[in-house]
Amino acid sequence: DQQVKQNSPSLSVQEGRISILNCDYTNSMFDYFLWYKKYPAEGPTFLISISSIKDKNEDGRFTVFLNKSAKHLSLHIVPSQPGDSAVYFCAASGGQGGSEKLVFGKGTKLTVNP
Amino acid sequence: KAGVTQTPRYLIKTRGQQVTLSCSPISGHRSVSWYQQTPGQGLQFLFEYFSETQRNKGNFPGRFSGRQFSNSRSEMNVSTLELGDSALYLCASRLNPGGYEQYFGPGTRLTVT
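Chains as they are written, first to last, in my numbering: chain A, 5 to 118; chain B, 450 to 562.
Next up, chain A with everything else stripped away, as it sits in the complex:
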């Protein structure tokens, strides 16, 4: 039972354009969502997060949008840069009666072409 889904395994965009990465979840108990970025041979690094009481959080070029009714969140990167090429994981917490366990999606590989 995959509670966090990233349906696009890969995404390719041109440098300077917008990258939109999507994530869907099924557990309505989730109350906190995070995005992590992972380069090869490195551990994931925290990028940005959002609480379920908000619908948008912005940090520089990165913005996360949360649509609770649709159980959907997205990460926007504007403008995209070649250094953003990495695998992006969506994660959620708060399911199963408030469990602090993080549940991750399978990741989306973003390639930003110069």
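FYI, nobody ran anything at the bench for these hints, they're computed from the structure.
Virtual Cβ for every residue (Gly too), placed ideally from N, Cα, C.
Each hint should be verified, as a subset may be incorrect.
To be verified - Quick partial rundown of chain B residues pointing at chain A, CB under 8 angstroms, derived from the structure: (1) Gly-511; (2) Tyr-549; (3) Gln-551; (4) Pro-555.
For chain A, the structure is supplied; the task is to place chain B on it using the hints.
Chain B only, in chain A's frame:
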């Protein structure tokens, strides 16, 4: 402040053997979680330790076990290795289980032949 460190970085084992991986969290962090990453499966939660006690456990067989020491360092052990255990094993730390943001180490790449 030093990040999360994991040793060894790479490991090759034979089926049936056992392996122990080590993780040192960020100084001051008392919660340590372990994840398995395999191609196409993303990060799958193994277990979390806080104050030397296991707080959460994922859906892995009993061959996977862990422990945490009084200095918050953690080890995970996999016994009777199978080919399917080949994966990147990631350790993550946070101040306490109530903190959502986890900080990951570089991982240990385990290959089982």
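Hints, one by one, checked against the model:
no.: 1; hint: Gly-511; in the structure: violated (19 angstroms)
no.: 2; hint: Tyr-549; in the structure: holds (5 angstroms)
no.: 3; hint: Gln-551; in the structure: holds (6 angstroms)
no.: 4; hint: Pro-555; in the structure: holds (5 angstroms)
Comparing the model with each numbered hint stated earlier shows that hint 1 is the single one that does not hold.
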